[in-house]
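The residues making up each chain are set out below.
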Amino acid sequence: MATSPFFTDLDQIFIILRDWLVGFLPASWRPAACVVLEVIIIICVFPGLFALTTVFERKGLGRMQNRLGPNRVGPYGLFQPIADGIKALIKEDIVPFSANAVVHFLAPLSLVVAVFMEFAVLPMGRNMVLVDLDAGLLFFFSMSVSTELSVFMAGWSSRNKYSLLGAMRAVAQMISYEVVLLLSSVSVVMIAGSLSLSTIVAAQSSYSGIFPHWYIFTPWGLAGFVMYAIAATAETNRSPFDLPEGESELVAGYHTEYSGFKFALFFLGEYLAMFSISGLGTTLFLGGWSAPLSFLTFIPSWIWFFSKVMLSIFVFIWMRGTLPRLRQDQLMNFAWKFCLPYTLLNLIVTAFWHFMGEGWMRWVVCTAILAAIYVFMGRVEMRSEHFGPRRYRYAE
Amino acid sequence: MNVVFYLLAAITLAGGLAAVLLKHLVHCALATTVAFAGLALLFLQLDAQFAGFAQILVYIGAVAILIVFTILLTRGSELPKGGVFSRTWFVGLVIAAGVFAVLAWAVLESVRGIPQQTAVPAVTVHDIGNALVGRYVLPLEIVGLLLTAATIGAVIVAMHEKERRQ
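Residue numbers (the numbering used here), protein chains in the order written: chain A, 16 to 411; chain B, 153 to 318.
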């Protein structure tokens, strides 16, 4: 669909602005200046979004729990994140006497650095990607697994039993769900035939009629997306998978012994991980920056990307306000006995989809297989599961 | 051979040395991670994206975590009184030197075996995938079978105690 030059310019406004700014420099500096500028934008935009999300989350949770939420700083409490930021900056930085000072210091830094790196490969709009790596998806996952070690470093170096227990829980949980996260993305790679995130978005940005070719609108894509969403919630330690930070059991989990700005860094890292993993989910299954209906393509691509990310954030907050926390053994059983086999079988279904060719047959076959697996594994098999109080094998 | 290479090599070697020389086991494990990261960066410097990211994914994401878990679950994180250095360290040194010599010999020989290429080959992830399921499918299957056997073995080792109790 042809769009007017105004909307094309609006779509590319950040690229035009960047080129205009860089144009003041000598030609040999331009490529480096472009990269620096883009990095600065990423480092500014996402923490800004984080500040907005904290107040949005507290207001939203307040609404769900029938209370007001923050309402003292500024109109409707909107300036709360600024007050929180200043408080975190001027608070005393306490390091426990027996803590392992170097590791204790390095943990929040390495966490935030690794999480920021993830944004480098996310296409946030048409032509808006910092580095379009051939192995972009692999880069994203290799950065996201690096955060596990930071979490462990934080928990271990604090010399606090709550911190250590929280870190062990967090690492065990992240490792288990990492497998599901990776395997559910593999089905997208199988169909798109590329690990480059820009190519994956491009493969989804065509339309039949007014409806887009997003991968979520296929049987394997829907199953993969549900598994991806569950694993992403667990990866980011969000409720109902927030055992590593269960307030009633572990004070605050691995960051119990952090105060002041280091605590704020953990908080930032957690929310940035939410943004990046929502961004990846958007890119893989929800068509990235492409518009949901063909006649809406005139709206700039970056608006669509950020709308989809913020919608995912809203779902995260909604789940936090709605669902109770899981128990550790339920968490592990769910990951290894349901999510993992289901994702593996989804890979086989994806292969069917790929090799059956166009036509309605593959819709019927793939949907039937996935539904049958769900009914068998999730319903019939679960009946024989033992529910009730946990039985301990070693600690009776 | 440029500055970046020497910097990365220095980081990798420093990580490796620290892993051997530090007294605290968890510190050693973390220093190993630095060495892994240095290796990954060396791969990336050679334009081997797939190998580099797979190195981070597998070694930092899984192997390093496995090492620290093992240390913590076996109570090895407490510092023993007699120090952590083995008295037979020179045997280890001899074995390490032997392994290094064999590997170095193999690497130097392989340079002679391969015809000299003038241009750096452009290998995409796509090519690696095709090679893995095409030409190298048998080694891949063998590795898969080996890993399955190892997994089943681990499960059986873990199950053993439960069976004996009943």
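To be clear, the hints were calculated from the coordinates, so they are not data collected in a lab. Treat the hints with care, since some could be wrong.
Claimed, not checked - In silico contact screen, one side only, chain A against chain B (beta carbon under 7 Å); selected entries:
hint : residue
1    : V146
2    : A150
3    : S157
4    : E396
Said to hold, decoys possible - If you want the ones that stay clear, here's a sample from chain B, every Cβ over 12 Å from chain A, calculated:
hint : residue
5    : V156
6    : T164
7    : I208
8    : R239
9    : E261
10   : Y288
Unchecked claim - Listed next, the stretches of chain B that the computed footprint assigns to chain A, with coverage defined by at least 3 CB atoms under 8 Å from CB atoms of chain A:
hint : segment
11   : 215–223
12   : 289–296
The C-beta atom is built at its ideal place from N, Cα and C for all residues, glycine as well.
Each hint tested on the structure:
1. V146: violated (11 Å)
2. A150: With a minimum Cβ separation of about 4 Å from chain B (threshold 7 Å), the hint on A150(A) holds.
3. S157: Where the cut-off is 7 Å and the nearest Cβ of chain B is about 4 Å from S157(A), the hint holds.
4. E396: At about 19 Å, which exceeds the 7 Å cut-off, the nearest Cβ of chain B leaves the hint on E396(A) violated.
5. V156: It holds; V156(B) is separated from chain A by about 16 Å at its closest Cβ, greater than 12 Å.
6. T164: Check passes; 17 Å lies beyond 12 Å.
7. I208: The claim breaks: I208(B) does not keep its Cβ more than 12 Å from every Cβ of chain A (closest is about 4 Å).
8. R239: At about 27 Å from chain A, R239(B) clears the 12 Å cut-off, so the statement holds.
9. E261: E261(B) clear of chain A: closest Cβ-Cβ about 30 Å, beyond 12 Å.
10. Y288: holds (18 Å)
11. 215–223: With 4 residues in contact (Cβ-Cβ under 8 Å with chain A), the coverage given for the segment 215–223 of chain B holds.
12. 289–296: violated (count 0)
In summary, the numbered hints that this structure violates are 1, 4, 7, 12.
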